[in-house]
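Novice: Under our numbering, the first residue of the sequence shown carries the number 1, and numbering increases by one thereafter.
Treat the hints with caution; some may be incorrect.
[Claimed, not checked] Ranges between beta-carbon positions, derived for each pair:
#: 1; residue 1: D93; residue 2: G122; range: 23 to 31 Å
#: 2; residue 1: D93; residue 2: L66; range: 28 to 36 Å
#: 3; residue 1: T298; residue 2: G238; range: 50 to 58 Å
#: 4; residue 1: K101; residue 2: E72; range: 22 to 30 Å
#: 5; residue 1: A201; residue 2: E140; range: 17 to 25 Å
#: 6; residue 1: Q57; residue 2: E158; range: 46 to 54 Å
#: 7; residue 1: R212; residue 2: K90; range: 36 to 44 Å
If you are wondering where the hints come from, they were derived from the structure by calculation, not from laboratory data. Every residue, glycine too, gets a C-beta built ideally from N, C-alpha and C.
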Amino acid sequence: MPLPRLLAQIAVLAIALAIPAAGQNRTQDRDLYAPAVVVNDQLITEFDIQQRIRLMQILGGVTGDLRQAAIETLIDDRLREQAARQAGIKLSDEQIQAALKEFAAQRGIGVDALMSRLRQAGVTRQAVIDLVANQAAFREAMRQRFLARAMPTDSEVEAEMRRGPGAASTEVRLAELVIPVRERGELATAKLAEDLARQFANGGDFAAAARRYSRAPSAPRGGDVGWLPLDRLPPSIGAQIALLKPGQVAGPIDVPNAVVFLKLLDSREGGTPGTDPRRALVTLGRLIVPLRPNAGETDIAAATVEAEQLGRQLASCADVEARKAGYARGSGVEGPVPLDQLPDAEREAVAALQPGQVSPPVRLRNGIAVIVMCARSGGTDPTSIEQVRNRLINERMVSFAQGYLQELRRDAVIEYR
1 MPLPRLLAQI
11 AVLAIALAIP
21 AAGQNRTQDR
31 DLYAPAVVVN
41 DQLITEFDIQ
51 QRIRLMQILG
61 GVTGDLRQAA
71 IETLIDDRLR
81 EQAARQAGIK
91 LSDEQIQAAL
101 KEFAAQRGIG
111 VDALMSRLRQ
121 AGVTRQAVID
131 LVANQAAFRE
141 AMRQRFLARA
151 MPTDSEVEAE
161 MRRGPGAAST
171 EVRLAELVIP
181 VRERGELATA
191 KLAEDLARQF
201 ANGGDFAAAA
211 RRYSRAPSAP
221 RGGDVGWLPL
231 DRLPPSIGAQ
241 IALLKPGQVA
251 GPIDVPNAVV
261 FLKLLDSREG
271 GTPGTDPRRA
281 LVTLGRLIVP
291 LRPNAGETDI
301 AAATVEAEQL
311 GRQLASCADV
321 EARKAGYARG
331 SGVEGPVPLD
341 QLPDAEREAV
351 AALQPGQVSP
361 PVRLRNGIAV
371 IVMCARSGGT
381 DPTSIEQVRN
391 RLINERMVSF
401 AQGYLQELRR
411 DAVIEYR
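Go ahead and model the full structure; you've got the sequences and the hints to work with.
Specialist: Rendered as structure tokens:
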């Protein structure tokens, strides 16, 4: 066969072989940018998920199902973004750059060095900007929405001071099951609530039902929300819980946009606060600078410096909630929990803190933490007016922030594709 003709046939064959490959790449690209989750008509693509996974791998401190953890944090990000937009908050380029500088400074490096490190790991600049901008905008939305409501009146402060440290209190351990009405509609939600009430009356498995039907953050734990002072619950709910014996369920309870069941897991008398510091109930906000399990002394020292810088920047537990997505698992607000149930290192670091104060860096299993005392009751209750006022503000801000995000989750239309 003449050489020119042979070369022509080879060229045609090469083109024919390349066409399917190109078509396959285009299909893969379409899959990469196809919606994986839709949150109130706002998309989360497979590309978004892969970017967040890479970012979490770089930041460290996350164990278990990375993909599911990435999806959950992205859903929260979309909800925060929507809330900030609804509040009319739009960050300028200068504000975004300032937030980026703060994000990088918290890790002890400059913006360019941070971006270079993330780029080498395959994380785009836009993925980082989206995360940081959402945190900054949501932080401002929380401040605008809740700060005025969180400020106690003088009479409320005086009443709180009269309460302790001499008053005894009852503590209850509860599990919750929250069914948003919007997900199924009123009729279907009412039917499901009736079915569940019948099951629980006959000894049905509350934890299994919570994992299946609840849309509260406690769902993966079977609805367990831990120990709470009974007198800190809303009066209408506290009155129902006070009538229960451990193992019994209250509900269905109608609340705005949802139906709720509450199970009393256990109860105990709080005793006389002020007589035993170890019996104090504390609410803590943690931000954990991640460390890998095999971290060397240099990495540990760098993380400690970063944690020290971070501690100087935290003004409240609301800041912890707004910024926790950028830190290791376990970051966020927890409590109330008994002081004596904390790990030794944490207990020693926070035992003397009053609400609003920040601990020095604390070495934990997955990183170096700074801990904000959000609130404490019992044990060594503060007695000054300003201490009580700050404690009430912190308690309310934490409660408002957590409840608001939970409400956003409950009301959201979330579709998994």
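Novice: All the hints need checking, so say for each whether the structure fits it.
Specialist: Hint-by-hint comparison with the structure:
1. D93 <-> G122: 23 to 31 Å: holds, 25 Å
2. D93 <-> L66: 28 to 36 Å: Once the Cβ atoms are compared, 32 Å apart, the range 28 to 36 Å for L66 and D93 holds.
3. T298 <-> G238: 50 to 58 Å: Cβ of T298 to Cβ of G238: about 52 Å, so the range 50 to 58 Å holds.
4. K101 <-> E72: 22 to 30 Å: holds, 28 Å
5. A201 <-> E140: 17 to 25 Å: Violated - the Cβ-Cβ distance for A201 and E140, about 46 Å, lies outside 17 to 25 Å.
6. Q57 <-> E158: 46 to 54 Å: Distance hint for Q57, E158 holds at roughly 51 Å.
7. R212 <-> K90: 36 to 44 Å: holds, 39 Å
Violated hint: 5 only; the structure is consistent with all others.
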